[in-house]
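Student: Got chain A; can you put chain B on it based on the hints?
Listed below, chain by chain, are the residues.
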Amino acid sequence: MTTVPIGTETEVTLRVNGEPRTISVEARTDLADALREGAGLTGTHLGCEHGVCGACTVLVDGEPARSCLMLAVSATTHEITTIEGLADGDEMHPVQRAMYEAMSFQCAFCSPGFMMSAVALLDREPNPTVEQIREELSGNLCRCTGYESIVRGVERAAAILRGEG
Amino acid sequence: MAVQTSGLGFVGQSVKRVEDERLLIGAGRYVADVRPEGGLHAAFVRSPIAHGRIVSIDTSEAEALDGVVAVFTGADIVERTNPFVPMLMLPGMYTPLFWAMSDERVRHVGDPVALVVAESRALAEDGAELVVVDYDDLPAVPDMATAMQSHTPQLWEKANGNVLLEAVDTYGEVDQVFARADRVITETFRCQRQANQPMETRGTVVEVDADTGHLTITSATQAPHFLKWAAAALTTKQTARESGQALRGMRERLDAFRSGAGSFFGDNQESLQSQDNRGMVSQLRRDRSLLKHLPGMALGVLSSEDFPTVVCQDIGGGFGSKGSTPREEIAVVAAAKALGRTIQWIEDRVENLLDGGQAREEEFTISMAVDDDGTLRGMRVEADIDHGAYPGFPVGAGITKSMQKVYFPGMYRWEAYEMRSRIIATNKGKHIPYRGPWANETWVRERMLDVVARELGMTPVELRQQNMMGAEDFPTRMVTGPTLDETASTRATLVRALELLDHDQIAQWRAEADAAGRKLGVGIACYHEAAPGPPDFFEALSPGSDLFAQEEAKATVDADGTITVFTSQSPHGQSHETTYAQVAADEFGVDIGDIRVVWGNTDTTRFSFLGTGGSRGGPIGGGAIRKTSRSLREQVVSQAATMLEADPADVTITGGVIHVAGVPSRGLSYAEVAGAAAADQGIEDGAVFEAVESYAGKGDGGWSCATHVAVVDVDLATGQVAIPRYLVVEDCGPIINPAIVDGQVRGGVAQGIGAVFYEHAAYDGDGNMIATTYLDYLVPTSTEIPHIEIDHLETLTPGENDFRGVGEGGMIGSPAALTNAVEDALASLGAEVRDQYLPPSKILELAGVIEPEE
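If you read the protein sequences in the order shown, they are chains A and B.
FYI, in my numbering the residues of the first sequence are 1 to 165.
FYI, in my numbering the residues of the second sequence are 1 to 854.
Treat the hints with care, since some could be wrong.
Restricting the straight-line Cα-Cα distance to at most 20 Å, the calculated cross-link-like pairs of lysine to aspartate or glutamate (EDC-like) are [said to hold, decoys possible]:
1. K337(B) <-> D211(B)
2. K337(B) <-> D306(B)
3. K16(B) <-> E91(A)
4. K16(B) <-> D90(A)
5. K292(B) <-> E79(B)
6. K237(B) <-> E305(B)
7. K16(B) <-> E101(A)
8. K16(B) <-> E155(A)
9. K16(B) <-> D586(B)
10. K292(B) <-> D103(B)
11. K237(B) <-> E79(B)
12. K842(B) <-> E784(B)
If you are wondering where the hints come from, they were derived from the structure by calculation, not from laboratory data.
Extracted from the complex, chain A is given alone in its bound form (with noise of 0.2 Å):
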């Protein structure tokens, strides 16, 4: 077995918001802090760096990923999406712009995470019932709001996806 001192960097390229992004990580690297410091995307946030608080979720092929538990090494081959990549220019993605009209967050902390997975529950299901949305953002913690305008802004966005907004 070989071993690899600590400290060792290695180049990878991750595809991330549609683009390229060649950054230098350990292997022991995660996605999140390879996003964060390699990349400069500091809009994906660290509560928990154990898997369980979800303000860390990125996309990953368009399905909702801890960054916390992958590995960069591991994200090369996929694509990754994270809250920087959601918006059009100065136009909000409809799920940021639902969660301005519903005034969804308060510190804000979680809300990376949230948008990610209510993208990804919207993706999958343009027509979720409330205990679709609460039961598609339990894995994500919010210490402020109650979840309650969460989920409000998460129904929003389905409407304005749908065309009724």
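Tutor: For chain B alone, kept in the frame of chain A given last:
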């Protein structure tokens, strides 16, 4: 985003959040996002044992690791810093002096003993793993009962055993009232340890200017000004001799010092002079070491040429936990000064659970003296607060004790009341304020009222209505002293809640639950809180504590017409940027987008002791913004009146146009008025008009009140509790932004639901914390928090400023309403709810489904 135009005024509307324009696109800037070029990173080595002596520390392996720049042991930090000194002392209380890191003795699992500074956080953590610490175990003091046994070791040598405070506060002839009442009912209630748990952990970036040595501390703090002075005082270590030499002939430094905190102290001479000195006397009676450290600290500060700048950007929640200055932050400041390098510290979640602050572990024995007709007459309470190892700084367990003392009687008529309080040190994380730090008084009182009602054969509502003060009683006083005026609308909230309850539906739900082998229950809780309270509330709390009700704001109009308001608050989710823009826009007669709100920079904002906390943002911070805006508007109007050749009384502002009333076509813009004034005064850019005003809290104020109603549906097979209905009727006066107020209420209730059914900062018998991840410390999720229905009363206050606070209330009322509902649900099974924490196993025990644990 879309411009939100002024109609009837912004105050009172659910104006969309200004903050969201950056936060929702991932462009927020939280402390971990601040990445100064060449900055170093810190990681702490923490005690793995609850109580022990440090025999030796070997840092050599860590120091040898590539990428590690320095390792500081506790002793290294003690050498460079002053101890955290007692703040907000109470008569009879001993507050231990402690250091940013521990050098001789550790007092809880997680106590920081070494600090590794490295080129990355990962390398700092690698280094921390290589530090070898040898400990000599001492017997752990894991709980209050052990703490008070005679053979238990003392955490703090100079305390009276492990009891840091023992106090009795008596109001009225308690013995007589108890002797004359028909009966006395006594119960004991216990609340488990909880943790504030904001989603963003604590963190700081201490930047050292290479040329001047000036410190800029970007921090996730609720109290930037306090942190500034704490950082200055605790890391400026000079002998009296050195300081004396430096001071000689340096009167300007004294002036610089005075201009910083001085303006604050100037406005608060009265409060300062009325401080209760008995706290200092009892402190010094036990421990004179304060006298040894204070002169060097004070002279060190006075002889400094430069003080740190604290900057707050976006902050990911706090709930009280970021009001305390972290020991770690002071250690990082000392390390940055020693190395002359920038250091960032971002706490991880395990550390935050261990040492980010804990609260609420309290035990109460309460007796109510009542007559058989349901008249409440007297109350006696014995309260023990588990303080943990170290005091919060500046606000520790003492404030919980003082507030419980004042609030315990609630809105009920009592002839007499007595509270005995103890604060007890244990080997656990520190007890700090958590959203409504006193809230267990509401839980215990409202829980006990249900017990009394049942014993007297009354309903909980009947007992409350019979004894609750209302409009016809006002003005009157609580038995503890504070004046109750028309804002004390608790009874009106109860009446409204009863109107909103659909009793037929509840009866139907109850029948359905019974048929399905479940149990349905209803619980009610009522409270009022000083948010900010009448002036005599602070007198009752502790003389001179009206210091907390003081805050200044500043506002400027620049030469180009830009309007800026500066707040001393430190927003961390409360949406100040939006609500203060609403308040100011209405005063200035402009669009909300024309107001710039500045916060969090100690160089540009006015001193505030507490910053954001204590439901002060609306009434006190918002009150200061309104008063300051009003004052600045007068200056602008006066200048415009000259230009318009009109009487200032005839000048008005609509849609940003300053004009004579009725003649909007001949108006001036802010830019024109400010431009003219700038030309007159020879100012090219910067502020032309400036105002600073204080919300003094000495005449305004009032109470925030609410009634909570919980309906619970208990599954007797699983012990799971569903909440089919939750109703809050609250009164925080005129609402600035209804959606934001509802968010505060719902968030508070969610934390109360967490407190009752999910959250336990649990320790084992050796003082090991056993809930150190989110797999064990259960923050409720979207499937556990139900729809929370809110109804508002908006009682006006008689004073000039009628905003009242709403941040804490959700969490104050909910544990009582929920636990009352559970007891109601399980009453037919003989359940008596005496604990706040009711996880499924406890529910099944209460229902008699499983045997109680030994």
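Student: Determine for every hint whether it applies to the structure shown.
Tutor: Evaluated hints:
1. For a cut-off of 20 Å, the pair hint linking K337(B) to D211(B) stands: about 13 Å separates their Cα positions.
2. Between K337(B) and D306(B) the CA atoms are separated by roughly 13 Å; this keeps the pair inside 20 Å, and the hint holds.
3. Between K16(B) and E91(A) the CA atoms are separated by roughly 17 Å; this keeps the pair inside 20 Å, and the hint holds.
4. For the proposed pair K16(B) and D90(A), the alpha carbon gap of about 18 Å is at most 20 Å, so the pair holds.
5. Of the pairs offered as hints, the one joining K292(B) and E79(B) holds, with about 15 Å between alpha carbons and a cut-off of 20 Å not exceeded.
6. A hinted pair counts as satisfied when its Cα atoms are at most 20 Å apart, and K237(B) with E305(B) qualifies at roughly 14 Å.
7. With a C-alpha separation of about 7 Å, the suggested pair K16(B) and E101(A) falls inside the 20 Å cut-off, and the hint holds.
8. Annotation: proposed proximity of K16(B) to E155(A) holds, straight-line Cα distance about 17 Å (limit 20 Å).
9. Between K16(B) and D586(B), the direct Cα distance comes to roughly 16 Å. Compliance with the 20 Å bound is thereby established for this hinted pair.
10. A distance of roughly 19 Å separates the Cα atoms of K292(B) and D103(B); the hinted pair therefore holds under the 20 Å criterion.
11. The suggested pairing of K237(B) with E79(B) holds, with an alpha-carbon distance near 9 Å, which does not exceed 20 Å.
12. A C-alpha spacing of about 17 Å is found between K842(B) and E784(B), which places the hinted pair at or below 20 Å, so the restraint holds.
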